[in-house]
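Participant: Residue numbers (UniProt numbering), protein chains in the order written: chain A, 1 to 745; chain B, 1 to 87; chain C, 1 to 87; chain D, 1 to 227.
None of these hints come from the bench; they were simulated from the model.
Where is the CB? At the ideal position from N, CA and C, for every residue including glycine.
Fair warning: there could be bad hints in the mix.
Just the calculated beta-carbon pair ranges, DEER-fashion [to be verified]:
(1) A/His461 / C/Leu15: 58 to 66 Å
(2) A/Cys742 / D/Asp114: 43 to 51 Å
(3) D/Ile24 / A/His371: 21 to 29 Å
(4) D/Asp150 / A/Lys149: 42 to 50 Å
(5) A/Ser273 / D/Ala159: 56 to 64 Å
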Amino acid sequence: MNKVAQPIQTEATPEQIRDQKSYLSMGLTDYEYGLIKDNVLHRLPNYTEVGLFSGMWSEHCSYKNSKPVLKKFFTKGQHVVKGPGEGAGIIDIGDNQGVVFKAESHNHPSAVEPFQGATTGVGGILRDIFSMGARPIASLDSLRFATPKTDRDNYFIQQIVAGISAYGNCIGVPTVGGDTAFDDAYEHNPLVNVMCVGLMDLDKIEVGAAAGVGNSIIYVGAKTGRDGINGASFASFQFDSDHESQRSAVQVGDPFTEKLVMEACLDVINNHSEALVGIQDMGAAGLVSSSAEMGSKAGGNGMVLDLDLVPQREAGMSAFELMLSESQERMLLCVRAGHEDDLLKVFADHGVDAVVIGHVTEGHQYQLLHHGELVADVPVDSLASEAPVYHRQSAMPEHLKHADNHQFQPQITNPTETLQEMLGQLTIASKEAIYETYDTQVQTNTVVAPGSDAAVVRIRHYDKALAMTTDVNGRYLYLDPRIGGQMAVAESARNVVASGAVPLGITDCLNFGNPEKPDQFYELDQAVMGMSEACEKFAAPVISGNVSLNNEYDNVPIYPTPMVGMVGLIKGLDHVTTQDFKQAGDLVYVVGKTGAGFNGSQIQKMQTGEISGQLFDFDLDYELKIQQLITNAIQEKLLASAHDISEGGLIMAIAESTFGNQLGVNLSSSLSVSQFFSETQSRFLVSVPAENQAKFEQMVGKEAELLGAVTADNHLFVQATNGYFDVDVDKAFKIWKGALSCRLK
Amino acid sequence: MALVKVYVNYKKSILNPEAQAVNNALQRLGYEDIEDVKLGKYFELTVADGKSKADLDAEINEICDKLLANYNMENYHYEIDETEAAK
Amino acid sequence: MALVKVYVNYKKSILNPEAQAVNNALQRLGYEDIEDVKLGKYFELTVADGKSKADLDAEINEICDKLLANYNMENYHYEIDETEAAK
Amino acid sequence: MKFAVLAFPGSNCEMDLYNAIKDIIKEDVELVPYKSQSLAGFDAVLIPGGFSYGDYLRSGAIARLSPIIPALQAFAKSGKPVLGICNGFQILTEAGLLPGSLQKNVSAKFICKDETLVVNNDHSMFSSAYQQGQLITLPIAHGDGNYYCDQETLKELVANNQIVFKYTNNPNGSVDNIAGITNQQGNVLGMMPHPERAVEDILGSDDGKGVFQSIVKHIKSRGVIYE
Ligand SMILES: Nc1ncnc2c1ncn2[C@@H]1O[C@H](COP(=O)(O)OP(=O)(O)O)[C@@H](O)[C@H]1O
Ligand SMILES: [Mg+2]
Numbered sequence: 001m002n003k004v005a006q007p008i009q010t011e012a013t014p015e016q017i018r019d020q021k022s023y024l025s026m027g028l029t030d031y032e033y034g035l036i037k038d039n040v041l042h043r044l045p046n047y048t049e050v051g052l053f054s055g056m057w058s059e060h061c062s063y064k065n066s067k068p069v070l071k072k073f074f075t076k077g078q079h080v081v082k083g084p085g086e087g088a089g090i091i092d093i094g095d096n097q098g099v100v101f102k103a104e105s106h107n108h109p110s111a112v113e114p115f116q117g118a119t120t121g122v123g124g125i126l127r128d129i130f131s132m133g134a135r136p137i138a139s140l141d142s143l144r145f146a147t148p149k150t151d152r153d154n155y156f157i158q159q160i161v162a163g164i165s166a167y168g169n170c171i172g173v174p175t176v177g178g179d180t181a182f183d184d185a186y187e188h189n190p191l192v193n194v195m196c197v198g199l200m201d202l203d204k205i206e207v208g209a210a211a212g213v214g215n216s217i218i219y220v221g222a223k224t225g226r227d228g229i230n231g232a233s234f235a236s237f238q239f240d241s242d243h244e245s246q247r248s249a250v251q252v253g254d255p256f257t258e259k260l261v262m263e264a265c266l267d268v269i270n271n272h273s274e275a276l277v278g279i280q281d282m283g284a285a286g287l288v289s290s291s292a293e294m295g296s297k298a299g300g301n302g303m304v305l306d307l308d309l310v311p312q313r314e315a316g317m318s319a320f321e322l323m324l325s326e327s328q329e330r331m332l333l334c335v336r337a338g339h340e341d342d343l344l345k346v347f348a349d350h351g352v353d354a355v356v357i358g359h360v361t362e363g364h365q366y367q368l369l370h371h372g373e374l375v376a377d378v379p380v381d382s383l384a385s386e387a388p389v390y391h392r393q394s395a396m397p398e399h400l401k402h403a404d405n406h407q408f409q410p411q412i413t414n415p416t417e418t419l420q421e422m423l424g425q426l427t428i429a430s431k432e433a434i435y436e437t438y439d440t441q442v443q444t445n446t447v448v449a450p451g452s453d454a455a456v457v458r459i460r461h462y463d464k465a466l467a468m469t470t471d472v473n474g475r476y477l478y479l480d481p482r483i484g485g486q487m488a489v490a491e492s493a494r495n496v497v498a499s500g501a502v503p504l505g506i507t508d509c510l511n512f513g514n515p516e517k518p519d520q521f522y523e524l525d526q527a528v529m530g531m532s533e534a535c536e537k538f539a540a541p542v543i544s545g546n547v548s549l550n551n552e553y554d555n556v557p558i559y560p561t562p563m564v565g566m567v568g569l570i571k572g573l574d575h576v577t578t579q580d581f582k583q584a585g586d587l588v589y590v591v592g593k594t595g596a597g598f599n600g601s602q603i604q605k606m607q608t609g610e611i612s613g614q615l616f617d618f619d620l621d622y623e624l625k626i627q628q629l630i631t632n633a634i635q636e637k638l639l640a641s642a643h644d645i646s647e648g649g650l651i652m653a654i655a656e657s658t659f660g661n662q663l664g665v666n667l668s669s670s671l672s673v674s675q676f677f678s679e680t681q682s683r684f685l686v687s688v689p690a691e692n693q694a695k696f697e698q699m700v701g702k703e704a705e706l707l708g709a710v711t712a713d714n715h716l717f718v719q720a721t722n723g724y725f726d727v728d729v730d731k732a733f734k735i736w737k738g739a740l741s742c743r744l745k
Numbered sequence: 001m002a003l004v005k006v007y008v009n010y011k012k013s014i015l016n017p018e019a020q021a022v023n024n025a026l027q028r029l030g031y032e033d034i035e036d037v038k039l040g041k042y043f044e045l046t047v048a049d050g051k052s053k054a055d056l057d058a059e060i061n062e063i064c065d066k067l068l069a070n071y072n073m074e075n076y077h078y079e080i081d082e083t084e085a086a087k
Numbered sequence: 001m002a003l004v005k006v007y008v009n010y011k012k013s014i015l016n017p018e019a020q021a022v023n024n025a026l027q028r029l030g031y032e033d034i035e036d037v038k039l040g041k042y043f044e045l046t047v048a049d050g051k052s053k054a055d056l057d058a059e060i061n062e063i064c065d066k067l068l069a070n071y072n073m074e075n076y077h078y079e080i081d082e083t084e085a086a087k
Numbered sequence: 001m002k003f004a005v006l007a008f009p010g011s012n013c014e015m016d017l018y019n020a021i022k023d024i025i026k027e028d029v030e031l032v033p034y035k036s037q038s039l040a041g042f043d044a045v046l047i048p049g050g051f052s053y054g055d056y057l058r059s060g061a062i063a064r065l066s067p068i069i070p071a072l073q074a075f076a077k078s079g080k081p082v083l084g085i086c087n088g089f090q091i092l093t094e095a096g097l098l099p100g101s102l103q104k105n106v107s108a109k110f111i112c113k114d115e116t117l118v119v120n121n122d123h124s125m126f127s128s129a130y131q132q133g134q135l136i137t138l139p140i141a142h143g144d145g146n147y148y149c150d151q152e153t154l155k156e157l158v159a160n161n162q163i164v165f166k167y168t169n170n171p172n173g174s175v176d177n178i179a180g181i182t183n184q185q186g187n188v189l190g191m192m193p194h195p196e197r198a199v200e201d202i203l204g205s206d207d208g209k210g211v212f213q214s215i216v217k218h219i220k221s222r223g224v225i226y227e
C-alpha cells in the first residue's frame, strides 16, 4: 500500500517547457513566458524559474489585473501612517498609538476544504498584522453562502464557522463581529473574508524590506511541506505523477504554532529592533513571494538563499516545491549581520524554530542554491515590482443596460405576517448561531460584542475605543456597481457612527468575477470608483485590502461583493452606543428621509425570488449630513440607542432594537406599510430619553420623525398609514433568533 | 451484527499539528527512542445484520467518503469483525 | 524499529459527544442500520530498536498512563508490530 | 499579598487575569512562566484559560507535564489557594489536583456567552464574598467544558461541599450542572466560567470580582502573607 519513497517528479527541461508550453498549465501566458525569456532573462527559464514567475506573476501576488483599478482608491488622510502596499495599513490614533488593519479573502481554499480553508484564512491575516509590529486585538469575518438546502450545505457552513472559531479562539484574538448573508449567487463561490485589527506603538513600525549587503535572511516558524503548492497560481496544474497526493496539497492551520510565532515576533520587534531590518509573513507563493518582495522593496540589492537550509517536513522536496509551498505559520526576517545568534536565541526561548537561510548580496540578482547548485538566477525586481500589469477592457453588463427604472412594489396584505416572514430570512435573522462559537471577549477589551451595529473594543488604560464592522450588499452592486460600492462604504460608516465612533479608514476584499471579461471587469472598476467616492466623502481612506477574482462558475459570476471593513475611533468611552432600546418611555425617531428603496431589497428577493431593476437613488452628501447629525447627538449624549437601518428596512431595525432588553414599542408613522421595508440609505433608528427631546429635535430639525415611545410591555405595535404591525416581542424574537440556529444544528 | 473498525489517518504530506505536539511532549519527557508519532481516528461502527458483504463494503466506503474521512487530507481503511460484535 | 499501535477509547460508561454527533449525522443521512458509533484515538509510535520486550512494554504503558490516555475517561490497549516497521 | 499567574505556551488569558488583579483588585501580581520551578513568595496561584499546547491530544494534557507542575502540586498541598479557570481547570484535572475531567461540550461546539451561575457554597476561600444561593453572571468560552466524574466521585463532591458554582442553565452537559469544584481540602478551585472577564461594568458584568476578593480576604484574614 504505502510507497517506500515518493519518486521525485522529473522536471521538464527548459527546452521541453518551451516546446510543450508547459508554462501554460503553470499559469503563465504565452505573452508572459515570452517576456521572461526575451526581456528579463534573455535565455530559456528553467523549471524552478518558471515556477517562481508563475507564483509571483499570479493575480494573488502581483495584482496584475487589479493594480490599475486599485490606483483609483482614495488613500490619503492626515492620520494615515501607512497606506496600501505594506502587509497592512496603519492609522495614527494619538498617544503614539497606531491602529493597523487589513482583510484577506480565503474563498477558493475554503470552497475546497472548508475547515482548513477558513483556519488558514484567519492565520494568514493575523500574520499580516503582527508582521507590522502590531498586536492583533480583534478579528471580524464576512461570509457569503448560498441558502443552505441540504445537510451537506449546512455541514459546509458549519465547517467554515468551525474553522474560524478554532483558529481565532485558540490564538486568543477575539472575533468581535462580521456579517453573513445568504444568496444563491454564491452557490459555487462562497466567500470567506477575514479582517484583523491590531494595535501598535507608532515608534515600532516594521517594514517588509531586506536591505544591507551581508545582512542575513532568517526563516522562522513551521517547517515547509508540500502543502498548497498550487495555491497562488495554478489551480489545476499537475506537478506530480501521483494524483492522490496532488489532491492532498491542502494547507492545515496550526494556531498553536502561530501563537508562539506571534509572541516571538512581537518580542523581537519590540525588544530587539536594533537587530531587525525587515520582517514579512509568508503568504501566497510562500518563500518566493516573501523573499522577493522584501528584496525588491529594499531596492538596489540582491539576495541568495540556500534551500538546503530551509526546515523541511518532508524528504526530497524540489527547489520548486520549497519555494512555492504555502505551508502556514512561517515568517521571513532580514537581520543585521552579527545579530543573528541573538535573535535565534530569542526564537528558541519562545519555542520557535528559526534558521539563517541566506543573505543580502551586491547586485540585483535573486539566486537560489539547492544541493550546491545554482537553480535560479533572476533579477529580483522582475519577480516583484516589475511584474506585468494589464489594463483590461470594460463594458457595461447586459442586465444593466435595460434595467427597469420602476421600483418594485411589495405585496403586503397582512403586515404582521410579512414582518414575521422577514424575520425568518437567513440574511436578516440573528447570526448568534455563528458568533456564539467565537471567543468574543478574550483580551477583556470587548465593550460591544457581536449583536449590535459595529463591535467596540476599548483601548486599555485610555479613554478611547475602536469601533469596527464589515459590510457590503452584493445585491445593490449587482444592480449598480458604482452606487452599490458607495452604499457599501456608507453602510459601514453608518454602523461605526451608530456605535459612537468617527470613521478612520477602511480595508476591503474585492470579491469579483473574471477580470478578462469586460462586463465583469466593469463591475470591479465601477465598484472601486464608487467606494472611493464614498471614502473621500467620509474622510475614510483605504489603507489596505485584498483582491479575489475569478469567482465565477459556468460563466456566471458572483454578485460583485467588495467587502468593506471599517474602523472608527470613539473619543471617550461614554460615547459608546448600542442599538438596543434601553428604557420604557424613551422616544423613538427615525432619522433620515424614507423613499422607495425596493430594487435590490430583501423584500424584493423574498417576494419575487430575484433581484432586478434599477437600484434606488443614493446621495452621499445627504448620507454624510445624517451621519454627522447622529455623531453630534451621541457626543452631546442625547441618545439612548442608535441603530443603522439596512437590510429589511425600518421595521427590522425597530424589531431588532426591542430584542436586547426585551422591551416593546408603541409607534405610529406617516409611512405606508410598504415603506417600512424600504431600504433607503442614510437612515438611523434612535431612541431619546424624554428629557432630551427638545434639544434633540432642535438639533435634527426636519430630518427626524418622532414615531412614538419605548414601552415596558414587551409588545411591538407600529401603526402605518395603511395598516399596522402587531406582534409579541417574544414571538418575533424567537423567529429571528431561531431561523439560522435551526439550520446549523 | 457486524463490528466495523475504521481507521482514519492523515495523508503523508499533510501537517498533523496534534501528532507533532505529542511527539514533542514525549521528547521533552525523555522518551528519545520514540522516533515518530502518528495520530488518527479510530471508529467502531456497530451495523445491523442483513447486508451482503458487498453491500456492507459499499455502505462503509460511502460513509467513510461522505463523513468519517476528509478525502482532501485523510486516508482510511477498515476491518469487518463479525465475531467481536456477537459478544 | 518497532511500530506500536495504541488504541485509546472512551470507557463504556462515558457518553462521547463527538461519537454521538457522528451517529446523529449518519442517521440523518439515512444509514439506519448503523446502531452505534464509538470514536477513539489511534496512535502509531515508531520506536527505535534496542529495548527488550519487557522494557518496551513498560515504556509504552508509562507513555499511555502519563500522556496518551486519561484514566478517568479512557481505556487503552496496544499492539507491537515488528514486521510493519521494517518496511 | 501577591498572586502568581502561570503562563503556558498557548495560554491566552494570562494577561486578562494579570490586568484584573492589578487594575481592579489592586494587588501584586506576577506572570510565572511554565519553565519556572518555584512558586516561592506567592500567596495564591492562578492558572489562566487558553489553549495550552493548542489543547492538542486533550485539553491540559501536555501542559501538566511542564516543569512548573511539581511546584504547583507542592503549593496546593501546602493549603494555599490555587484557582484554575477554563483551561486552568482542565490542567488541574489532568494534573490530578482535582477529580474528574472535562469533555467536549455536548453540542460538540465551542460556546462563548454569558451564563447565570448559582453560588452553591459560599464558605470556600474562593466564594466567601458571595451569598449562598446568589445568582451571578459570568461568561463562558470553551469547547471542552463538560465536567464528568463517576457517581461515586460526585457523591463525595456533594458530601464534602466541593461544588462551589453551578449553572442554572447547563450549557455544556456537565454532571450535576457543575461549573466549578474544589478539591477535598478546599484550597484548589477549578471553574469553567471566566471571572476575570467580569470585573468591570463596561465589559458587561463585575460579578466575577468576588472570586478574587474572596481569595484576598482569605489570605489577609489569615495574616500570613508571603513576601
Ligand atoms: N460571521 C459573523 N461573525 C461575527 N459576527 C457576525 C457575523 N455575522 C453577523 N455578525 C454580527 O451580527 C450582528 C448583526 O449583523 P448585521 O446584520 O450584518 O448587522 P448590520 O446590518 O447592522 O451591519 C453584528 O453585530 C455583526 O457583527
Ligand atoms: Mg447595522
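Participant: Any of the earlier hints contradicted here, and which numbers?
Facilitator: 1, 2, 3
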